[in-house]
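Please build the complex by placing chain B on the supplied structure of chain A, with the hints as guidance.
Quick mapping for you: the protein sequence lines, in order, are chains A and B.
Residues 1 to 113 (the numbering used here) make up the first sequence, in order.
Residues 1 to 115 (the numbering used here) make up the second sequence, in order.
Think of the hints as simulated: they come from the structure by calculation, not from any bench.
We put the CB at the ideal spot given by N, CA and C, even for glycine.
You may find that some hints are simply not true.
[To be verified] Derived lysine-lysine pairs resembling DSS-like cross-links, with alpha carbons at most 27 Å apart: (1) A:Lys68 - A:Lys57; (2) A:Lys71 - B:Lys9; (3) A:Lys68 - B:Lys9.
[Unchecked claim] Listed next, with one range per pair, are the computed distances between beta-carbon atoms: (4) A:Gly83 - B:Gln41: 23 to 31 Å; (5) B:Glu103 - A:Gly83: 17 to 25 Å; (6) B:Glu82 - A:Ile18: 37 to 45 Å; (7) A:Gln9 - B:Asn59: 16 to 24 Å; (8) B:Arg22 - A:Gly95: 27 to 35 Å; (9) B:Asn51 - A:Val54: 44 to 52 Å; (10) B:Ser27 - A:Gln3: 44 to 52 Å; (11) B:Arg111 - A:Gln14: 29 to 37 Å.
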Amino acid sequence: QQQVKQSPQSLIVQKGGISIINCAYENTAFDYFPWYQQFPGKGPALLIAIRPDVSEKKEGRFTISFNKSAKQFSLHIMDSQPGDSATYFCAASMGGSARQLTFGSGTQLTVLP
Amino acid sequence: DSGVTQTPKHLITATGQRVTLRCSPRSGDLSVYWYQQSLDQGLQFLIQYYNGEERAKGNILERFSAQQFPDLHSELNLSSLELGDSALYFCASSVEPSGSRGEQYFGPGTRLTVT
Numbered sequence: 001q002q003q004v005k006q007s008p009q010s011l012i013v014q015k016g017g018i019s020i021i022n023c024a025y026e027n028t029a030f031d032y033f034p035w036y037q038q039f040p041g042k043g044p045a046l047l048i049a050i051r052p053d054v055s056e057k058k059e060g061r062f063t064i065s066f067n068k069s070a071k072q073f074s075l076h077i078m079d080s081q082p083g084d085s086a087t088y089f090c091a092a093s094m095g096g097s098a099r100q101l102t103f104g105s106g107t108q109l110t111v112l113p
Numbered sequence: 001d002s003g004v005t006q007t008p009k010h011l012i013t014a015t016g017q018r019v020t021l022r023c024s025p026r027s028g029d030l031s032v033y034w035y036q037q038s039l040d041q042g043l044q045f046l047i048q049y050y051n052g053e054e055r056a057k058g059n060i061l062e063r064f065s066a067q068q069f070p071d072l073h074s075e076l077n078l079s080s081l082e083l084g085d086s087a088l089y090f091c092a093s094s095v096e097p098s099g100s101r102g103e104q105y106f107g108p109g110t111r112l113t114v115t
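Only chain A is shown next, with the shape it has when bound in the complex (with noise of 0.2 Å):
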């Protein structure tokens, strides 16, 4: 009840496409949930989290998109760009006394020229 299942593992877009990457959660309980962005070699980067009261988040070519009731989330990538070219990871945490994050497995995203 703990995974966050990610999809697809990889995708390849052409420059100025829309890339989109889809997650799943289980846990009811969980009520944050933060993309985050890696390039090889660095940690990941806080890209953008949406919180459950909202169903759309937007910054700059960065959208998440949000379905409560069908427990899943999505990050949309706008006019996507050859350095958008990373692994991106969707995650979800719950209140409480902590609030370690819950990653998907990663999408590797790969925008050509």
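Showing chain B alone in chain A's frame:
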């Protein structure tokens, strides 16, 4: 740059040995998390400290231990190392362990290779 620092960047050691990984959180952050990233297990939570006290344990082996010092830096100790412990170890920090501020900021990681 997240403001979280980790040392060393790379570590190569032999099976059976013991190593210590160090993490300094962002200025003002009281909570430190340790994660392990491997090809087969992905990113997994190990342990969390808040202001010197252990708050949560995840998939951390008994051979591993951690602590957070009064200056808030943290150390992850890995002992009796096995080949399977080879991985990237990340430290993350946040302002508080719970509540509305869930953002965690990750350091650059320590790549551990056990030979």
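Evaluation of the provided hints:
1. Distance restraint check for Lys68 of chain A and Lys57 of chain A: the Cα-Cα separation of roughly 14 Å lies within the 27 Å cut-off, and the hinted pair is therefore satisfied.
2. As the CA atoms of Lys71 of chain A and Lys9 of chain B are separated by approximately 37 Å, the hinted pair breaks the 27 Å bound.
3. Taking the CA atoms of Lys68 of chain A and Lys9 of chain B, the gap is near 40 Å; set against the 27 Å cutoff, the hint is violated.
4. Range check, Gly83 of chain A to Gln41 of chain B: about 29 Å between beta-carbon atoms, so the 23 to 31 Å window is met.
5. As the Cβ distance of Glu103 of chain B to Gly83 of chain A is approximately 23 Å, the hint placing it in 17 to 25 Å holds.
6. Taking 37 to 45 Å as the suggested C-beta distance range, the pair Glu82 of chain B and Ile18 of chain A conforms, at roughly 43 Å.
7. Range check, Gln9 of chain A to Asn59 of chain B: Cβ separation about 22 Å, and the 16 to 24 Å hint holds.
8. A C-beta distance of roughly 29 Å is found between Arg22 of chain B and Gly95 of chain A, which places it inside the suggested range of 27 to 35 Å.
9. Our hint of 44 to 52 Å for Asn51 of chain B and Val54 of chain A is violated, since their Cβ atoms are close to 31 Å apart.
10. A hinted range of 44 to 52 Å for the beta carbons of Ser27 of chain B and Gln3 of chain A is inconsistent with their spacing of about 34 Å.
11. Take Arg111 of chain B and Gln14 of chain A: their Cβ atoms lie about 33 Å apart, and the range 29 to 37 Å holds.
Checked against the numbered hints above, the structure violates hints 2, 3, 9 and 10; every other hint is satisfied.
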